[in-house]
Structures are given as C-alpha cells and as structure tokens.
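Take the sequences, apply the hints, and build the full model.
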Amino acid sequence: MAVDVNHSVVKSADHGTMLEYSTEDGALKILGFWFFLAQDMILFACLFATYLILHNRTAGGPSAMQLFDVPGFAAETFILLTSSFTYGIATFQMRNNRLKSMLIWMGITVLLGLSFVSLELKEFITYVLQGATISRSAFLSAFFTLVGTHGLHVTLGIFWMISVMIQLVKRGLTPVTARKAFIVGLYWHFLDVIWVFIFTVVYLTGVMK
Amino acid sequence: MTDKDQTIVTSGGHGRFPWSHVIGYIFSLVLTLVALLMVTNHVASGGMLLFVILLLATIQIFIQLFFFMHITEKHGPAYHIITLAVALFFTFAIIAGSLWIMTFTQVSS
Numbered sequence: 018m019a020v021d022v023n024h025s026v027v028k029s030a031d032h033g034t035m036l037e038y039s040t041e042d043g044a045l046k047i048l049g050f051w052f053f054l055a056q057d058m059i060l061f062a063c064l065f066a067t068y069l070i071l072h073n074r075t076a077g078g079p080s081a082m083q084l085f086d087v088p089g090f091a092a093e094t095f096i097l098l099t100s101s102f103t104y105g106i107a108t109f110q111m112r113n114n115r116l117k118s119m120l121i122w123m124g125i126t127v128l129l130g131l132s133f134v135s136l137e138l139k140e141f142i143t144y145v146l147q148g149a150t151i152s153r154s155a156f157l158s159a160f161f162t163l164v165g166t167h168g169l170h171v172t173l174g175i176f177w178m179i180s181v182m183i184q185l186v187k188r189g190l191t192p193v194t195a196r197k198a199f200i201v202g203l204y205w206h207f208l209d210v211i212w213v214f215i216f217t218v219v220y221l222t223g224v225m226k
Numbered sequence: 280m281t282d283k284d285q286t287i288v289t290s291g292g293h294g295r296f297p298w299s300h301v302i303g304y305i306f307s308l309v310l311t312l313v314a315l316l317m318v319t320n321h322v323a324s325g326g327m328l329l330f331v332i333l334l335l336a337t338i339q340i341f342i343q344l345f346f347f348m349h350i351t352e353k354h355g356p357a358y359h360i361i362t363l364a365v366a367l368f369f370t371f372a373i374i375a376g377s378l379w380i381m382t383f384t385q386v387s388s
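Protein chains in written order, with the numbering used here: chain F, 18 to 226; chain X, 280 to 388.
Honestly, the hints are just simulated from the structure, not real lab data.
Remember, it's a predicted structure, so these values are computed and weren't measured experimentally.
Don't take every hint at face value.
[As the list claims (entries may be wrong)] Here are some chain X residues pointing at chain F (derived, C-beta under 10 Å): (1) F296; (2) S299; (3) M381.
[Unchecked claim] Calculated lysine-lysine pairs in the BS3-like style (CA-CA distance at most 30 Å, straight line): (4) K353/X to K46/F; (5) K117/F to K46/F; (6) K139/F to K226/F; (7) K353/X to K117/F; (8) K139/F to K46/F; (9) K117/F to K187/F; (10) K187/F to K353/X.
Here a beta-carbon is modelled for each residue, glycine too, at the ideal position from N, C-alpha and C.
This is the structure we're talking about:
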C-alpha cells in the first residue's frame with residue numbers, strides 16, 4: 018500500500034515524486050493550509066504590534082534588558098532553526114520514498130521541539146520567580162502573550178507531528194499521509210519564521226543598548 | 280515502493296543529498312549569528328542596528344520560504360503567493376498603523 022498507481026505522479030527536478038500533490042484533494046488542502054498560515058500571520062502581527070507599543074511600559078517592574086539572558090534565547094533560536102532544517106530533511110526523505118529515514122528525521126525534529134519548549138518554560142519560570150509575572154506590567158503582559166502564543170503553537174506542532182508519525186507507521190506513505198506530513202512541515206517552518214522575528218524584535222532589541 | 284518510483288527518485292540528480300536544505304540551514308545559522316554578534320558587540324547605534332537586524336530577519340524569512348517551505352511549488356495558479364502577499368500587506372498595515380496611531384496618545388497624555 019505504498020504508491021497508488023491511479024494517481025498521477027507529480028515530479029519535481031529536485032525532489033523526485035511528490036505524492037502530497039498527486040491528488041486534487043491533497044493539492045487543495047495544501048493550498049488551504051497556506052490560507053491558514055496567512056491568517057495566523059495576521060494574528061501574530063496583532064501581537065507584535067501590541068508588544069512594540071507596550072515594550073517600554075514596565076510600570077516600575079523589570080525591563081527587557083534586566084530579564085533577557087543572551088545565551089538562553091540564543092540557544093532557543095539555534096534549536097528551533099535546527100529543527101526547521103531537520104524537518105526539511107524529513108520532507109526530502111519523504112519525496113525520495115525513504116519512509117524509515119523520514120521517520121527518524123521527524124523524531125529528531127520532535128526532540129528538538131521538546132527541548133525548545135522546555136527551555137522556554139524554564140525561561141518563563143525564571144522570570145516568574147523573579148516577580149516578572151504576566152500581570153506585573155503591560156510590557157510583561159505583551160511579552161508573555163506574544164512569546165507564549167508562539168510556544169503554544171510549537172507545543173501543538175509537537176503533538177500533531179507525533180500523530181502524523183503514528184499514521185505513517187500504520188499506513189505507510191500514501192497520498193494522504195504524505196500530504197499530512199507536508200502540511201505539518203509547512204506549519205513547523207512557519208513557526209520558525211515567526212520565531213526569527215521574535216528573536217529579532219523582542220530579544221535582540223530587548224538587550225540592545 | 281516499486282522500482283519505477285526509485286528510477287524517478289534518482290533521475291533528479293539532487294535526489295541523494297539534500298543540498299538545498301543544507302545551504303538554507305547554513306545561511307540561516309550565519310544570518311542569526313551575525314545579528315546576535317552585532318547586537319552583543321554594539322557595532323552600530325540604535326536606529327542603524329535595528330534596521331540591519333530587521334533586514335537580516337527578512338532575508339532569513341525568504342530563505343525559509345524558498346529552501347524549506349517550497350514556496351515555488353504549486354498545483355494550478357499560485358494562489359498561495361497572492362494570499363501571502365495580502366497577509367504581508369495586512370501585517371504591515373497592522374504594525375505600522377498601530378505604532379503610528381499610538382504616537383498621538385503619547386502627545387496628548
């Protein structure tokens with residue numbers, strides 16, 4: 018039950034077969050997911066706008082400069098960048114019909130995602146223990162909402178990825194499982210894009226003198 | 280997996296090693312490191328530094344889109360590019376508009 022011969026095989030010069038685009042249904046769902054990403058981008062735009070307006074309103078509480086720890090957020094950034102790359106390899110292996118290797122790279126991505134979320138949780142706990150809670154100041158409300166929303170997205174992505182891995186193990190590479198795996202990948206790379214901006218706009222400007 | 284599929288796989292030339300992903304990854308690491316080091320070493324003043332790190336982030340977005348998200352792939356018309364362009368316009372309108380309108384409250388308060 019690997020490749021259904023009734024489906025047209027879509028080929029790409031770089032990546033071999035593209036099962037995920039091989040049915041009209043699959044191609045439409047991928048397009049639909051781009052629409053979702055577009056609206057999710059607008060959600061983050063609102064949170065970024067709020068943060069940019071409120072980032073100096075610390076109400077006598079701790080400021081970004083006092084809180085942010087460069088090695089900490091740099092580690093989170095490199096972990097997430099690497100996980101985007103490892104999922105890229107998983108997609109590459111999928112398109113070369115190497116299911117086992119694909120699952121290994123997806124597994125590595127899940128582990129990197131988990132370490133990212135644990136580092137972020139550790140960061141949040143450190144802040145809260147210093148009295149920098151979400152209700153302390155407008156700056157902290159905006160910070161926790163923006164970074165926390167991204168963290169929730171990543172957490173959801175981890176569970177989603179694991180469930181797609183289970184389906185891949187059970188059903189193998191079919192136009193349906195390939196489409197699902199490709200869409201989780203789009204979601205994961207999108208989260209990396211959002212993080213690059215959190216890294217730049219929140220963390221780097223936060224520690225800039 | 281039939282043998283026929285295997286031949287399609289290798290005919291692409293790039294099927295054995297994911298070069299484009301490795302290049303994209305190296306680019307993203309370098310861009311992130313440059314931005315980080317520029318800020319930690321205070322190589323420029325506020326406005327200029329902000330402009331440069333935002334530029335680096337924007338370049339990095341395009342690397343994700345082209346190297347990892349396969350943005351050039353489509354099935355029929357490229358509706359996803361149009362959607363992304365509209366969302367980018369909204370993103371700009373929301374952020375720039377909010378910042379602009381809030382400059383008025385700072386004057387009056």
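Going through the hints against the structure:
1. F296: 9 Å, holds
2. S299: 7 Å, holds
3. M381: Cβ of M381/X sits 5 Å from chain F, so the hint holds.
4. K353/X to K46/F: 12 Å, holds
5. K117/F to K46/F: Holds, at about 25 Å.
6. K139/F to K226/F: Distance of about 25 Å is within 30 Å: holds.
7. K353/X to K117/F: Holds, at roughly 27 Å.
8. K139/F to K46/F: Violated. K139/F to K46/F sits at ~36 Å, over the 30 Å cutoff.
9. K117/F to K187/F: Within the cut-off at roughly 12 Å; holds.
10. K187/F to K353/X: Judged against 30 Å, a Cα distance of about 28 Å means the pair holds.
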